[in-house]
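Now for the letters of each chain:
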Amino acid sequence: MSGTIAVGRSDTKSIAAPQAANRALSGPRVTGRVVVMTLYLLFLMLPIYWLLNMSLKTNMEITSGLTLWPREITFDNYIKIFTDESWYSGYINSLTYVLINTVLSIAFALPAAYAFSRYRFLGDKHLFFWLLTNRMAPPAVFALPFFNLYSAIGLFDTPWAVALAHCLFNVPLAVWILEGFMSGVPREIDETAAIDGYSFPRFFIKIFMPLIASGVGVAAFFCFMFSWVELLLARTLTSVDTKPIAATMTRTVSAAGMDWGLLAAAGVLTIVPGALVIWFVRNYIAKGFALGRV
Amino acid sequence: MTKPLNNRAWFFVLPVFAIVAFSAILPLMTVVNYSVQDTFGNNQFFWNGIGWFQELLDPSSQLGEQFLSSLMRTLLFSAIILLIEVPLGIAVALSMPREGWTVALCLVLMAIPLLIPWNVVGTIWQVFARGDIGLLGWVVNRLGIDYNYTGDPIDAWVTIIVMDVWHWTSLVALLCYAGLKSIPDAYYQAARIDGASRWAVFSTIQLPKMRRVLLIAVLLRFMDSFMIYTEPFVLTGGGPGNATTFLSIDLVKLALGQFDLGKAAAMSLVYNLIILAICWVFYTVMTNVDAERERIEA
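Respectively, the protein sequence lines represent chains A and B.
What the first sequence shows, in the working numbering, is residues 1 to 294, in sequence order.
What the second sequence shows, in the working numbering, is residues 1001 to 1298, in sequence order.
These are calculated hints, taken from the structure and not from any lab test.
From a predicted model like this one, the values you see are computed outputs, not experimental measurements.
Glycine is no exception: its CB is placed at the ideal position from the N, C-alpha and C atoms.
List time: in silico SDA-like cross-link candidates among lysine to any residue, alpha-carbon distance up to 25 Å:
1. K1181(B) with L41(A)
2. K1253(B) with A152(A)
3. K1181(B) with T38(A)
4. K125(A) with F1222(B)
Some chain A residues judged to face chain B by a derived CB distance under 7 Å, without partners named:
5. Y40
6. L44
7. I62
8. F108
9. L122
10. P145
11. F146
12. L168
13. V171
14. T270
15. R282
Here chain A stands alone, though its shape is the one from the complex (with noise of 0.2 Å):
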């Protein structure tokens, strides 16, 4: 429908449209797509960059009036945070539990990606859609049974519990997004590893993996980031020794007021792992983002 209207308009405009359909499709000059671009990124940045600018504040300065930049720059939020073993144990706490569950994560999901991508068998369609559904349970309904049941097992206050809930919707994830770089990895390789007599398991590490290093990458990038930020599990299954860091955050909060400086400076630290993180597989994130599925 579109299509016919937009046909019979560019006939009329036949001599302007090639002109403007070049000034769109290629270079940089500064046009809309660049304004758009800038106006987004600013809208992005200024939130963080508010927070970055209190963390280098003294409450003094915080709380007397609005400044736009630190008059006075103070680092002592930040030496707080990494001499006060409460405070950056919160930070290996977290990052142990992300890291456990990323491993986990792409150590399971490997196989079953390959069975996905290579065969079919008895009720493999609806077992995908039951893992994508445990990706979209809401956490909140999770979290009391959770407690209840990791208290049985005894693992309640490890980092191990953590790891194993975020598994709930991070194996999923790293299925569907390795099944989808396996898939562009032609099967024809996969048959000629057998005729030249390699085993599975070796054809798998030595052939395969290096094929789909990028997924794995990618995967692992997911698994990373959908743990880091999880908070709501962690700090039900947590207490005293696993404390997350997003969970020590609230102690900000104290009879004598409000901490900002200090939240600020724990809150710009949270981003770096992220933004460090992103920084590594910034070449794939496109790719990543559409699992694995252009």
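Since chain A is already given, all that's left is putting chain B on it; use the hints.
Quick look at chain B alone, frame taken from chain A:
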């Protein structure tokens, strides 16, 4: 090319099945178990049959009214989020630079909000939107608009929506960008030769090619906005009053706050079933689109 049938592939899937079932089916059974019982504390439980479900689905009861109003709020929220984020995400994806170092820079900057822990997202906006020490709240108040997200329900809604747009639009944009990148240059050259307008290029080349990823984007954004908990909880705590109490916030209040396990469990199940039903529709549409594409390509 069809895949060979091989039921031994189940051995490869078994570990995933086991680990997900452990985290999914056991807790689900606990929820079902709670949902048919009542408790007065002290670990004493009484059989209640389908009582909670009846109460929940009957809008004239107190629980049913509460459930219906949070459900409506959640649906409204998801609808607004999709209406804003999908067009905006497409616009941003179309505005991405074509090549050069700016591409990587834009990608990294855009992805940053996605990797911030959700409670920190709430904290960032809690501070940013405050009238006294936050830039946004201060500027809006200076413009002469009376703005206070802790007191006024509409302000609270606007703040939560802006926060979610800030947080998640990049996901839609990155997905669309991936779809755009997969369009061969030959398509654009053909369009140029035909003298197609910018709009024609968009509606006949770019949009159809993005359909697949757009479906994924809509699916993910719908699910996540429907399940949203941490960010509004940190920002407004469900207030003022009940203005921003979404289903998940209501649920956690019931289960962990008042320890009303039976009610909370029944609510969880209904909540889960709604998500499951909508998810199934999306999934069916998606697989049909795939099948259609394969038929065209074959």
